[in-house]
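> Given these sequences and hints, build the entire structure.
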Amino acid sequence: APPPSANGTAAAAHFCAPLAADDYLSVVVESSGEFVGVIATALTIDCLGRKPTMALEFVVTGAAIALLTVPGIGQVLETVFVFVARAFATGVFQAVYVATPEAFPTVVVVVVL
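Offset between the sequence shown (1-based) and my numbering: plus 110.
Among the hints, erroneous ones may be present.
Cβ-Cβ distance ranges computed for the label pairs, FRET-style [said to hold, decoys possible]:
no.: 1; residue 1: 221; residue 2: 179; range: 37 to 47 Å
no.: 2; residue 1: 133; residue 2: 211; range: 37 to 47 Å
no.: 3; residue 1: 208; residue 2: 134; range: 32 to 42 Å
no.: 4; residue 1: 157; residue 2: 126; range: 41 to 51 Å
What the hints contain is simulated information worked out from the structure, not anything from laboratory work. For each residue, glycine too, the CB sits at the ideal point set by N, CA and C.
Okay, structure coming up:
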């Protein structure tokens, strides 16, 4: 039951359940997706090209986020989808950092940087 507030009524809106060990493990696994995304992008960006890599990563990120909206997927699948979303979203940002300077003339890049 939620703890009572100062005026004696239940403070349901301010009640938080304590996190279990599985919750912390999920956060560690989900966060490690960022390392995987950087490595996967580094290995594939030269093979596929800059724009196709970014397009693929945007699509996979969107699909993983969309799958998170499915009700009752469970903690394991939720962790997998967040891992995939974080991996590919991080990969997109890395690909953008590589592709952006190539989109502008050298003079513009030198002045901006």
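> Each hint needs a verdict: does it hold in this structure or not?
Status of the hints after comparison with the structure:
1. 221 <-> 179: 37 to 47 Å: Given a distance of about 44 Å, which is inside 37 to 47 Å, the answer is holds.
2. 133 <-> 211: 37 to 47 Å: Cβ of residue 133 to Cβ of residue 211: about 40 Å, so the range 37 to 47 Å holds.
3. 208 <-> 134: 32 to 42 Å: Cβ of residue 208 to Cβ of residue 134: about 34 Å, so the range 32 to 42 Å holds.
4. 157 <-> 126: 41 to 51 Å: holds (46 Å)
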